[in-house]
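Residue-level listing of the chains:
2 protein chains.
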Amino acid sequence: MSPTFSFRVLHTDGAARRGEMTTAHGVVQTPAFMPVGTRGAVKGVTPRDLREAGAEIILGNTYHLWLRPGDALIARLGGLHRFTGWDGPMLTDSGGFQAFSLGEQRVISEEGIRFRSHLDGSEHLLTPEGATDIQARLGPDIAMVLDECLAQPAPAAAVRDSTERSARWARRCRDRFLELQRLDAGDVRLDGETAESRVPNPEPPIPTPQSLLPSPQPTPSGPQITNPAQAQFGIIQGGTVPELRTLSVERTLAIGFEAYAIGGLSVGEPAETMYSVVSHTAPQLPADRPRYLMGVGTPLDIVEAVSRGVDLFDCVMPTRNARNGQLFTSEGRLTIKNARFADDGGPPDPACSCYTCRTHSRAYLRHLFVSGEIGAAVLNTIHNLRFYLDTMARVRQAIVFGTLESLRLSLHAIFSRPLSDS
Amino acid sequence: MSPTFSFRVLHTDGAARRGEMTTAHGVVQTPAFMPVGTRGAVKGVTPRDLREAGAEIILGNTYHLWLRPGDALIARLGGLHRFTGWDGPMLTDSGGFQAFSLGEQRVISEEGIRFRSHLDGSEHLLTPEGATDIQARLGPDIAMVLDECLAQPAPAAAVRDSTERSARWARRCRDRFLELQRLDAGDVRLDGETAESRVPNPEPPIPTPQSLLPSPQPTPSGPQITNPAQAQFGIIQGGTVPELRTLSVERTLAIGFEAYAIGGLSVGEPAETMYSVVSHTAPQLPADRPRYLMGVGTPLDIVEAVSRGVDLFDCVMPTRNARNGQLFTSEGRLTIKNARFADDGGPPDPACSCYTCRTHSRAYLRHLFVSGEIGAAVLNTIHNLRFYLDTMARVRQAIVFGTLESLRLSLHAIFSRPLSDS
Numbered sequence: 003m004s005p006t007f008s009f010r011v012l013h014t015d016g017a018a019r020r021g022e023m024t025t026a027h028g029v030v031q032t033p034a035f036m037p038v039g040t041r042g043a044v045k046g047v048t049p050r051d052l053r054e055a056g057a058e059i060i061l062g063n064t065y066h067l068w069l070r071p072g073d074a075l076i077a078r079l080g081g082l083h084r085f086t087g088w089d090g091p092m093l094t095d096s097g098g099f100q101a102f103s104l105g106e107q108r109v110i111s112e113e114g115i116r117f118r119s120h121l122d123g124s125e126h127l128l129t130p131e132g133a134t135d136i137q138a139r140l141g142p143d144i145a146m147v148l149d150e151c152l153a154q155p156a157p158a159a160a161v162r163d164s165t166e167r168s169a170r171w172a173r174r175c176r177d178r179f180l181e182l183q184r185l186d187a188g189d190v191r192l193d194g195e196t197a198e199s200r201v202p203n204p205e206p207p208i209p210t211p212q213s214l215l216p217s218p219q220p221t222p223s224g225p226q227i228t229n230p231a232q233a234q235f236g237i238i239q240g241g242t243v244p245e246l247r248t249l250s251v252e253r254t255l256a257i258g259f260e261a262y263a264i265g266g267l268s269v270g271e272p273a274e275t276m277y278s279v280v281s282h283t284a285p286q287l288p289a290d291r292p293r294y295l296m297g298v299g300t301p302l303d304i305v306e307a308v309s310r311g312v313d314l315f316d317c318v319m320p321t322r323n324a325r326n327g328q329l330f331t332s333e334g335r336l337t338i339k340n341a342r343f344a345d346d347g348g349p350p351d352p353a354c355s356c357y358t359c360r361t362h363s364r365a366y367l368r369h370l371f372v373s374g375e376i377g378a379a380v381l382n383t384i385h386n387l388r389f390y391l392d393t394m395a396r397v398r399q400a401i402v403f404g405t406l407e408s409l410r411l412s413l414h415a416i417f418s419r420p421l422s423d424s
Numbered sequence: 003m004s005p006t007f008s009f010r011v012l013h014t015d016g017a018a019r020r021g022e023m024t025t026a027h028g029v030v031q032t033p034a035f036m037p038v039g040t041r042g043a044v045k046g047v048t049p050r051d052l053r054e055a056g057a058e059i060i061l062g063n064t065y066h067l068w069l070r071p072g073d074a075l076i077a078r079l080g081g082l083h084r085f086t087g088w089d090g091p092m093l094t095d096s097g098g099f100q101a102f103s104l105g106e107q108r109v110i111s112e113e114g115i116r117f118r119s120h121l122d123g124s125e126h127l128l129t130p131e132g133a134t135d136i137q138a139r140l141g142p143d144i145a146m147v148l149d150e151c152l153a154q155p156a157p158a159a160a161v162r163d164s165t166e167r168s169a170r171w172a173r174r175c176r177d178r179f180l181e182l183q184r185l186d187a188g189d190v191r192l193d194g195e196t197a198e199s200r201v202p203n204p205e206p207p208i209p210t211p212q213s214l215l216p217s218p219q220p221t222p223s224g225p226q227i228t229n230p231a232q233a234q235f236g237i238i239q240g241g242t243v244p245e246l247r248t249l250s251v252e253r254t255l256a257i258g259f260e261a262y263a264i265g266g267l268s269v270g271e272p273a274e275t276m277y278s279v280v281s282h283t284a285p286q287l288p289a290d291r292p293r294y295l296m297g298v299g300t301p302l303d304i305v306e307a308v309s310r311g312v313d314l315f316d317c318v319m320p321t322r323n324a325r326n327g328q329l330f331t332s333e334g335r336l337t338i339k340n341a342r343f344a345d346d347g348g349p350p351d352p353a354c355s356c357y358t359c360r361t362h363s364r365a366y367l368r369h370l371f372v373s374g375e376i377g378a379a380v381l382n383t384i385h386n387l388r389f390y391l392d393t394m395a396r397v398r399q400a401i402v403f404g405t406l407e408s409l410r411l412s413l414h415a416i417f418s419r420p421l422s423d424s
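Just so you know, the sequences run in chain order A and B.
Throughout the first sequence, residue numbering follows our numbering, covering 3 to 424 in sequence.
Throughout the second sequence, residue numbering follows our numbering, covering 3 to 424 in sequence.
Don't read these hints as lab results, they were simulated from the structure.
From the three backbone atoms N, C-alpha and C, an ideal C-beta is built for every residue, glycine too.
Fair warning: there could be bad hints in the mix.
Listed next, the stretches of chain A that the computed footprint assigns to chain B, with coverage defined by at least 3 CB atoms under 8 Å from CB atoms of chain B [what the hints assert, rightly or not]:
#: 1; stretch: 18-32
#: 2; stretch: 42-54
#: 3; stretch: 70-77
#: 4; stretch: 373-382
Within a straight-line C-alpha distance of at most 25 Å, the following computed DSS-like cross-link-like pairs (lysine-lysine) qualify [to be verified]:
#: 5; chain 1: A; residue 1: Lys339; chain 2: A; residue 2: Lys45
#: 6; chain 1: B; residue 1: Lys45; chain 2: A; residue 2: Lys339
#: 7; chain 1: B; residue 1: Lys45; chain 2: A; residue 2: Lys45
The whole structure should be built from the sequences, with the hints applied where relevant.
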């Protein structure tokens, strides 16, 4: 592992692990959930709210940040941490998933993904090397390799081709990552600048009258490293075919990354299929590295994956559902616009101690939501994030106490039943 | 004045007063600015953010809260303070201005204002007695009388008729207000309930499984007092005609209120006209009561009115402009979407210590605004409110030090110049 990235398992309960992941910007207690800050902001909350909710690490989307405001601009402003005001651990995806799902007229070749921006139609090419360079400039503590996101279901032959391409891309990402590290340690950059002329984490400029004037700066042509302590995770693909998952594990481990993610899940397959792939894949990953299940999921999905040995999660569900008026509570999901809450003076979740639950009633949250007030999104997000992060804290505690199975059953009792208010 | 409402002047500087207004929910240092919480929420911020920005009193809109979620519902849930989570001083307008400006097919008669709701077309009649009852149920610390908002410019005869009608409505509002107070002090309500059967400020119900079930409650048919310590302010009308302003002062003071507001300004007239009406009217109001200039205004308008003897202000400008990307700063107004800020790593306002300015750069705020992120509204609002409330703190300090004129000139130097970035 890199000098600043490390992981150790403190306790286990069956396959579940209670661990501690150390990054350049701090320590993350695992299993951990990463709130998603798509465009450099977790929608509806400030960095302070995130801390208060118990977040220890957040995720940023490379695709969005690359297209707007741009990785070069973020690098000039000191990197993603300084730009967003979140000073804790941060992970970025590679941008591949959004290039597939949001990019227009996309064409995938061995070279990379060619697409038109969903913002302005401009043409872009995302290569493994490019995705690595962009993340080097953004400067998260953890970068992800570019992988191919194959639409499912797909014929086994297509899944095999795609899995092998992802492995070749992973190799190119790692080569580029190591090359950047060597360049950063040496004196000379690809474009001939000396290392000393770069400031990895410049202090923000002291505001002066000049800072009010336009100061166009040239986009750096060569690579640039904002966070020299960045770690890089490989991604296991292989769809729902066990042998291809195993093949992907072999290929990806042979390259060697600080840690490994399981990708290509939570894309519409049945929950049982996802659990089955995780059961097959997680045990093949090194026990001394964190395992990250990308884009997952519901509280149930998370506890199921934890019990199969996964350590890291990210999902837009708590934040997106908050904006749509759906709260996760100790009594299950709750659709706040329901008329039954109009007169309900009780807290959104009686078992929760977040700012929203301490301060406001269901009746008030319903009023704000029905009135289209911004505050509805803000207060619901504060609660949902706390619920998710509290759930992770309970998961961690349960692993220490050896009671994860009992927690798993109680979460099923709460969340398996249909919405009582829908 | 009512037993719990009081005001005292601590210092003066010319006509300007540094005072202290005591209400049932706390003390307000004046001159004071009231952020506007139209629908029971100051858009984009939580009660905690308001406190941190330095707000000591906020305003709620009776029209909006009456139509949705309803004054009876808010009363059942313990009143506006408990409903909104803001436990400090609160003032509501009478609902008249919005009934005029938002209500459809409105017809004004001696009885009151008949209109159709902008929400669902339902027909409503807002009378002086009704406006008083609604505010009694909402339970702010300060209620306003219903006045007629005449479209300007209007012939002098129409202004006179309207001014006299407003005075008659003020009389009816005060009569109703005093009647409600007598009923509250006695044993019997208009509808025959005993006073003991009402709980002025019920504790929120302890959540039980039952609280999850629908619990329709009948709308109280009679009046109801949520905040027995409520004060009521009269409103001076009279358009821009000095004699009619004087007439309105005489009529309104003859009725007698806890304090008085100057209404009918900031409706499109030139700033000089507004200042002139304030100069004419404010000195005629009792020196031992706070004076409230409704709906005003820009930082310049506020300092000009303070220097003419006004103590209280409210305006949507800091919050609305924040959502539109305009920041008030010590360097003037700043349009955050301007391209010159794309690369600006400096704080929004170098002289400000709000959360936004401590945490984020202009470049980041621009990025959020251009990307349509909720966070843009939240962070801009946190800053603009702090700027307004800091400005009020500087105004109060300047009065104590006898330096208001110098502050007035410096605010003119900052805000009279055209937008440098537009």
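Within a Cα-Cα threshold of 25 Å, do A/Lys339 and A/Lys45 meet the stated pairing?
Given pair A/Lys339, A/Lys45 holds - Cα atoms ~20 Å apart, limit 25 Å.
Check, residue by residue, whether the stretch 373-382 of chain A contains three or more positions whose beta-carbon lies closer than 8 Å to a beta-carbon of chain B, and give the verdict.
holds (count 7)
Are the Cα atoms of B/Lys45 and A/Lys45 separated by 25 Å or less?
Holds. B/Lys45 to A/Lys45 sits at ~16 Å (cutoff 25 Å).
Chain B covers the stretch 42-54 of chain A, three or more CB atoms within 8 Å, holds or violated:
Holds, because 8 residues of the stretch 42-54 of chain A bring their Cβ atoms closer than 8 Å to Cβ atoms of chain B.
Using C-beta distances, would you say chain B covers the stretch 70-77 of chain A, given that this needs three or more residues below 8 Å?
holds (count 3)
Chain B covers the stretch 18-32 of chain A, three or more CB atoms within 8 Å, holds or violated
violated (count 0)
Is the hinted pair B/Lys45 and A/Lys339 satisfied, with a Cα-Cα distance of at most 25 Å?
holds (19 Å)
Comparing the model with each earlier hint shows a violation of hint 1 alone; every other hint is respected.
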